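Since each chain comes alone in its own frame, lean on the hints to assemble the complex.
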Amino acid sequence: MRKIYGITMMKWKTDISEGRVLCLSCEELHSLGDNECQRCGAEIYQRKPSSIAQTWGYVIAATLFLIPANLMPMMVVTSLGSDEGSTIMEGVIYFLSHKDYGLGLIIFIASVAVPVFKLSVVYYLLLIVHLKQREKALLGLKLFHIIHIIGKWSMLDIFVVALMVSMVQFQGLATIQTGAAAISFCAAVIFTIIATEKFDPRLMFDN
Amino acid sequence: MKETSCKDCGLIIEIEHFDMTHQYSCPRCQSIFYRPGESFDLVLVMALSAFLFFIPTLFLPILTLTIMGQSHSVTLLEAVLFFFHDGYYVIAIIASSVGVFIPLVMLFLIMSLIIPAKIGRPIKKLKKLFLYYEHLAPWSMAEVYLISIFVAIVKLAGMATLKLDAGLYLFVFFLLSYYVTVSWFNAEDLWNHYDEMED
Numbered sequence: 006m007r008k009i010y011g012i013t014m015m016k017w018k019t020d021i022s023e024g025r026v027l028c029l030s031c032e033e034l035h036s037l038g039d040n041e042c043q044r045c046g047a048e049i050y051q052r053k054p055s056s057i058a059q060t061w062g063y064v065i066a067a068t069l070f071l072i073p074a075n076l077m078p079m080m081v082v083t084s085l086g087s088d089e090g091s092t093i094m095e096g097v098i099y100f101l102s103h104k105d106y107g108l109g110l111i112i113f114i115a116s117v118a119v120p121v122f123k124l125s126v127v128y129y130l131l132l133i134v135h136l137k138q139r140e141k142a143l144l145g146l147k148l149f150h151i152i153h154i155i156g157k158w159s160m161l162d163i164f165v166v167a168l169m170v171s172m173v174q175f176q177g178l179a180t181i182q183t184g185a186a187a188i189s190f191c192a193a194v195i196f197t198i199i200a201t202e203k204f205d206p207r208l209m210f211d212n
Numbered sequence: 028m029k030e031t032s033c034k035d036c037g038l039i040i041e042i043e044h045f046d047m048t049h050q051y052s053c054p055r056c057q058s059i060f061y062r063p064g065e066s067f068d069l070v071l072v073m074a075l076s077a078f079l080f081f082i083p084t085l086f087l088p089i090l091t092l093t094i095m096g097q098s099h100s101v102t103l104l105e106a107v108l109f110f111f112h113d114g115y116y117v118i119a120i121i122a123s124s125v126g127v128f129i130p131l132v133m134l135f136l137i138m139s140l141i142i143p144a145k146i147g148r149p150i151k152k153l154k155k156l157f158l159y160y161e162h163l164a165p166w167s168m169a170e171v172y173l174i175s176i177f178v179a180i181v182k183l184a185g186m187a188t189l190k191l192d193a194g195l196y197l198f199v200f201f202l203l204s205y206y207v208t209v210s211w212f213n214a215e216d217l218w219n220h221y222d223e224m225e226d
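These protein sequence lines are chains D and W, in that order. Position one of the first sequence corresponds to residue 6 (our numbering), numbered consecutively onward. Position one of the second sequence corresponds to residue 28 (our numbering), numbered consecutively onward.
Isolated chain W, as found in the complex (with noise of 0.2 Å):
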């Protein structure tokens, strides 16, 4: 028996069996209150993936330009710093924040919640970083920073020869292996998850 009340119009809900696995819908507004999230297992093997994606792209160069014979490799971390030279800041903190720095955050926010639920450690050390990843969630953007990497190289192949690296391909699939992790895993299968473990 799961007592609840519908987020978006305050019905109050009563489901018999509460069953982790089905999508749930408010019978008065029709929008979906539980969606059911993948195992813990597949969201942490995302998430190191994710990880293990990302190292290497901090070293490797993600693309070389060429404008009249002069060419110019950048690496990832190179392009973060120059953010900063020009005097940018806002715009700089917020698109370096968005690709790089809130991505890695939230993985770790995911594995660190992720891992003690596993091996049944207790809440309470858990409630700040449940808290952190509630306030990070709405500004996670890899989607909207994966397809503007792709726009991005089409407006230069235009001005310059572009030569596409390693780093670039590594870093599309950290962004991908991230979307997925976080797609997959929903925090409030945690809370059922230690429910169910008291019960």
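Excised from the complex, chain D in its bound form (with noise of 0.2 Å):
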């Protein structure tokens, strides 16, 4: 018996309590002691193995690449011998001063605004799980549903200068090169991204 906002319920049966082991490719349900799938043959575990731990790693290597990700020009416009880094705040810039408000505000939320929710979102998942917060678990399911949605459109601003690079291809005339915040922003979105991937949302509602 547990209580939950207040409400005594009767304790759920779930897959730790009745021994059982579900396959996360084929979600065909196993007995305890099985390691491999007998239906796809993925490798099966009751909860993810050592997901706090990796979460946490990778979790911390995000944070500290989005540092210089914000501060260091994303690409480099050489027009007729003059240099021109812009960052990711300053290409946000370039749009609203151009009234183009929309593409402006979309870069922002894509580079800006999702990838540090997405951290936030993590760091506060994994204290949930740590401080055994039973019943926060069903609002970090939903963040935790949220930031596997919008996790890839981080990558936005990285394919937009890839694309321009190989575009733009003038010799002598004009070049487009990536600025150092591009491989930085690059592993920070990625790192998130394998991030939420070990993250196992069960582990909230064993507590």
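It is worth saying that the hints were derived from the structure and are not from the lab. In this text, all values refer to a predicted model and were calculated from it rather than measured experimentally. Hints are not guaranteed to be accurate.
[Claimed, not checked] Mimicking SDA-like on lysine to any residue, the simulated pairs with C-alpha atoms at most 25 Å apart in a straight line are:
no., chain 1, residue 1, chain 2, residue 2
1, W, Lys155, D, Ala47
2, D, Lys53, W, Arg55
3, D, Lys147, W, Glu41
4, D, Lys104, W, Val181
5, W, Lys152, D, Leu34
6, D, Lys203, D, Lys104
7, W, Lys190, D, Leu136
8, W, Lys154, D, Gln138
9, D, Lys137, D, Gly46
10, D, Lys104, D, Gln138
11, D, Lys141, W, Phe60
12, D, Lys203, W, Glu105
13, W, Lys29, W, Lys190
14, W, Lys34, D, Gln138
15, D, Lys18, W, Lys145
16, W, Lys34, D, Gly46
17, W, Lys151, D, His103
18, D, Lys53, W, Asn213
19, W, Lys34, D, His103
20, D, Lys53, W, Ile118
21, W, Lys34, D, Val81
22, W, Lys34, D, Leu29
23, W, Lys34, D, Ile57
24, W, Lys190, D, Gly109
25, W, Lys145, W, Ser66
26, D, Lys137, W, Ser58
27, D, Lys53, W, Glu105
28, D, Lys18, W, Ile59
29, W, Lys190, W, Glu105
30, D, Lys53, D, Arg25
31, D, Lys141, W, Lys152
32, W, Lys154, W, Ile118
Set out below in structure tokens:
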């Protein structure tokens, strides 16, 4: 018996209480003790192995990479001998000053707001597990679903830079090169995606 | 009778009569654990049309740029190869694999998973392909790539005179039909399909 929101409820039947293992690839249910899914051949485990430790590692790496990503130039445009580097925020300001509010907003959301939001959510989820906040698990799961859906949209700016680099190739007249921020931003986004893949939301409900 | 467990909270769920056309959600955490996919025939048609859109983009120019009287047109193949010229290998590999290689591999995997299921071949050999598909699925980002093409064009239009060529439209159609293929295909249905065949 446990209390959620002051209501006493019957204990739910879970895979741990019943000694079952779910294959995360094909969603077949197995009994405890199997190491490989009989149906699809994937490795199976009750909870993702060392989920919390790996999530911490990737999320800290992502946070560290986000700092140079915002301070250094994302791309350097050379036109008639003069170099012009621009950071992510300068790119947003460029669109806003040219009255392209829609695109400016998209880039701001995709490359500044979303990465920061995603990292804070992952930290929050880890704290829910560490502090055994069972009543926060439902909210945590909603946030987890949200960052799962928006995760890939942070790659937008990277693709834009890469596309522009490959399309503008005038020898001598104008070139576009990727700046130091591009690689660190890329690393931050990829590490955040891996961190969410490694996190097992069921751990929040186990406490 | 189908017995499963919620991926998100671990609840054991028993479904009396499992229906592949219905959506099911967990009674404890409300997250959807089964979402029906489109029929395999439709997915196959979309995957084939994506391939057909892709082949001509390799040879057609995607756009022509004019800066101060000097014009230059780029094909997709040139654009991908150019990534590797400047030494930005990491960005180059990521951008070209997300835009071109991952979609192609995913389309190939989806087709090689569906066709044997349609003609009723045994699953044993398919396990490997299925696992590759599962590992690759989180890195499929065609919709993000589509929007970034749009943003890049708007940015370039401010710097040079742009002429969009047939290759670009075909490439956009390729990404769109690839995106539709992936969102219609439900890999879990493959196993339900084989389970039904055994019954």
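Status of the hints after comparison with the structure:
| no. | hint | result |
| --- | --- | --- |
| 1 | W:Lys155 to D:Ala47 | holds (9 Å) |
| 2 | D:Lys53 to W:Arg55 | holds (21 Å) |
| 3 | D:Lys147 to W:Glu41 | holds (23 Å) |
| 4 | D:Lys104 to W:Val181 | holds (13 Å) |
| 5 | W:Lys152 to D:Leu34 | holds (21 Å) |
| 6 | D:Lys203 to D:Lys104 | violated (41 Å) |
| 7 | W:Lys190 to D:Leu136 | violated (58 Å) |
| 8 | W:Lys154 to D:Gln138 | violated (39 Å) |
| 9 | D:Lys137 to D:Gly46 | violated (33 Å) |
| 10 | D:Lys104 to D:Gln138 | violated (46 Å) |
| 11 | D:Lys141 to W:Phe60 | holds (21 Å) |
| 12 | D:Lys203 to W:Glu105 | violated (37 Å) |
| 13 | W:Lys29 to W:Lys190 | violated (56 Å) |
| 14 | W:Lys34 to D:Gln138 | holds (19 Å) |
| 15 | D:Lys18 to W:Lys145 | violated (37 Å) |
| 16 | W:Lys34 to D:Gly46 | holds (18 Å) |
| 17 | W:Lys151 to D:His103 | violated (58 Å) |
| 18 | D:Lys53 to W:Asn213 | holds (23 Å) |
| 19 | W:Lys34 to D:His103 | violated (46 Å) |
| 20 | D:Lys53 to W:Ile118 | violated (30 Å) |
| 21 | W:Lys34 to D:Val81 | violated (45 Å) |
| 22 | W:Lys34 to D:Leu29 | holds (7 Å) |
| 23 | W:Lys34 to D:Ile57 | holds (17 Å) |
| 24 | W:Lys190 to D:Gly109 | holds (23 Å) |
| 25 | W:Lys145 to W:Ser66 | holds (11 Å) |
| 26 | D:Lys137 to W:Ser58 | holds (21 Å) |
| 27 | D:Lys53 to W:Glu105 | violated (42 Å) |
| 28 | D:Lys18 to W:Ile59 | holds (18 Å) |
| 29 | W:Lys190 to W:Glu105 | holds (17 Å) |
| 30 | D:Lys53 to D:Arg25 | holds (14 Å) |
| 31 | D:Lys141 to W:Lys152 | violated (43 Å) |
| 32 | W:Lys154 to W:Ile118 | violated (32 Å) |
In the structure shown, a violation is registered for the earlier hints numbered 6, 7, 8, 9, 10, 12, 13, 15, 17, 19, 20, 21, 27, 31 and 32, in ascending order.
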